[in-house]
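Participant: Each chain, letter by letter, is given below.
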Amino acid sequence: MDKTKYVIQAKNLKKSYGANKVLKGININVERGTMLALLGPNGAGKTTTVRILSTLLNFDSGTVKVEGHDIKTDADKVRSVIGLTGQSAAVDELLTGRENLIMMGRLYRLTAKSGKARADELLQEFDLVEAANRPAKTYSGGMRRRLDLAVSLIATPPVIFLDEPTTGLDPRSRLAMWEIIRKLMDRGTTILLTTQYLEEADQLADQIVVIDGGKVIAEGTAKQLKSKIGNDRLELNFADTKNLEAAVKVLGKNVTETDEKEYSVSVAIKDTNKDVRNTLDILAKEKIAITSMTVHKPTLDDVFLSLTGKQKPTKTTKKGAK
Amino acid sequence: MAVELVFEKKPRILLAVQDSFIMIKRSSTHIIRNTDQLLGTFFQPIMFLVLFASVFGGAISLALPKGVTYLNFLMAGIIVQTVAFGSTTTALAVCNDLQKGIVDRFRSLPMNNLAVVTGHIVSDLFRNTISTIVMLLAGLVIGFRSSASLLDWVAITGILLLFTFAFSWLAAIVGIFAKSVEAVQWLTFIIIFPLTFASSAFTPPEVMGKYLRFFASNQPITHVIEAVRSLMLGMPVGNHVWLAVIWSIGILAVAIPTASLLYSRKTS
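Those protein sequences? They're chains X and L, same order as listed.
Residue numbering for the first sequence follows this note's numbering, starting at 1 and increasing by one per position.
Residue numbering for the second sequence follows this note's numbering, starting at 1 and increasing by one per position.
Next comes chain L alone, as it looks inside the complex:
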């Protein structure tokens, strides 16, 4: 053997962190090489934004507070919706790994196995950040204007990242649970579609029926949207910021252990 092998001599915990970084690099490379998906990352949000703004804008703006344009109202909703649907990528990636032999390879290595999932989730965070920036730029072009200060933007970024991170862990559970890539697609669809539409993303809940309004006003996605929206438009934030943060942390507190447990069950 010509090459001398040198092994890392770090503590276990550092090695586990290193594994996560290796897996993040892997999943990020996937995102860049998967050109079809990459195009979707850019075009889908722009399409949604322009379509919703022009199709519903006229009707819904009647229900909005005075002085708020529908585009300005829509921006927060469409960003959160895009991020929520974007988490499907995590579910697909996790499911794909489990369907193929690669997961056996990882499991036969002395590595931290949850790093495989972490890699997908964190790289998804990168991808969603890019989508969001693209969407904001497109919004600016067609007339979106924000009164947020730099500090507000820091808060918006924090809330969105935390929510995306939490939602991707939920998506990972779907990916672990689903038996095929097709199942992932419809499962995520029937979960995310109602959650994002029965929220304040596209219309104020006030125009909805009694029960729907109750749900739409109190579910986590609405809190995230309202927090982002009020910060963007300089409206009073109320409890939304805190509730958005608490919901996201709550989701993480349940989803991470559940995903870890399911993942190790599924792979043994």
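Same shape as in the complex, but just chain X:
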């Protein structure tokens, strides 16, 4: 096997806290220049995995290599090639944005001069120039996350860990964060991202690993996973049984579900724009009136429902503890 093909390699990773088995043998391989998304509900073991891979946490058994360096014997070498953005934005609250960046740059062993230049560049890029000289505690949630990510990029490490980078952000900040992450990918950074949002993994990742209860329960590209869990569906509502029956007749085999009490039908769609338009065209041609329609995307609940046959687990396992 090509040694440099996989930048992050974890084999049979196990970790328990006492009797509580948090990771029960996780295998992860991230190819150079790609993004792997670790998808799972709270308590699935995502954060624990990231904390282990980023040298923050010991593990019980298995092997981990990052850029060819063994994480147990060469932790400092691993640390010089990784950047980490955790769930709670890890910036110094009393220091300004610029001071945070410069300090972390120095700790990454950048010279003072190049650290400063790089800090200014990142402030520009992350839209933090105006706030650069304010203490970080005055920042909004979105700004803090941006600063946090900027800090982990200060020495442009080739490997980045993003632990739920958009959890708790408003939609606009989330989109801004996605844009930034995409830029990182364009530059060839290898990324491991954890998320609870299927859509996020779908939008960004090349490979998705779904974990639950400390085990990998599925993996593949977004496309492969989606084909497993079903497509988007279009739900149409009608005013009465007459319209409903007519619709079922003309839509034929596309109908996946009919609810006679609610006068609604569900239609499987693959290409949202095209299929919705086609469906509406068919109905319009037959002069069948709808009262409302909704596009449903598969959610994490659907993933779990179809992969494990059970609802999204609610039990909370102890998360990557201190």
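Note that these hints are calculated values from the structure, not bench results.
Ideal Cβ placement from N, Cα and C applies to all residues, glycine included.
All the pointers check out, no bait thrown in.
With a Cα cut of at most 35 Å, we get these calculated DSBU-like pairs of lysine-lysine:
no. : chain 1 : residue 1 : chain 2 : residue 2
1   : X       : LYS5      : L       : LYS10
2   : X       : LYS183    : X       : LYS77
3   : L       : LYS25     : X       : LYS183
4   : X       : LYS14     : X       : LYS223
Pulled a few chain L residues facing chain X out of the computed Cβ check, cut under 7 Å:
no. : residue
5   : PHE7
6   : ILE22
7   : HIS30
8   : GLY101
9   : ASP104
10  : SER108
With the hints as your guide, set chain L onto chain X.
Facilitator: Structure of chain L alone, referenced to chain X:
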């Protein structure tokens, strides 16, 4: 990428020292920006000094050697007490870092991690120095007079810095050990309060009961206070200077490795 990144090419040991300086700068910035705490640095010692001098002065001066005013006697005690309580700041700062995500950030960097603790301790040394100077000035205003020579003052400064440094390492251990900022507060209180009161800080141990007197006469804080006091007032120093230095070095010899070990345990 527009900016070319240049990395340091120093030996490891120098980089570790550099890390400490970076962290000292960080913690010192905290002290300056944390205005509430900064006010405490100035006012608390003055308040203690004036209160103790005026509340206990009358009663305790009866137990003092002839010719020694209570204010002159008190000065060394109150400085050491302030410095001891001041070390709480180190404990709080260390605990705060550990509670927040920032410690993970530091740990994911190729840096010397103990530098985080060192930064707090050294910046605490700066802060305590400022408190002590403020207190001495306030003392002078209300009538404190010292007969110490310049050389004596150099010795006093050395003893106090060494003691503060040692005590802050103990405080760091409390900060690492405690599970919350609240715990730090009561832990440091129940450790420092008895240590500073059961000493020669406010009264000569001679007036205490038998067992307490034995403890108060032989514990490290008393040696530090007595060393500083005798140097300030031109009294015979006896063994106190050496015992103060030996105690401080002894504390450092135990506290630094213990803190390092606990810190790396806590963070892995």
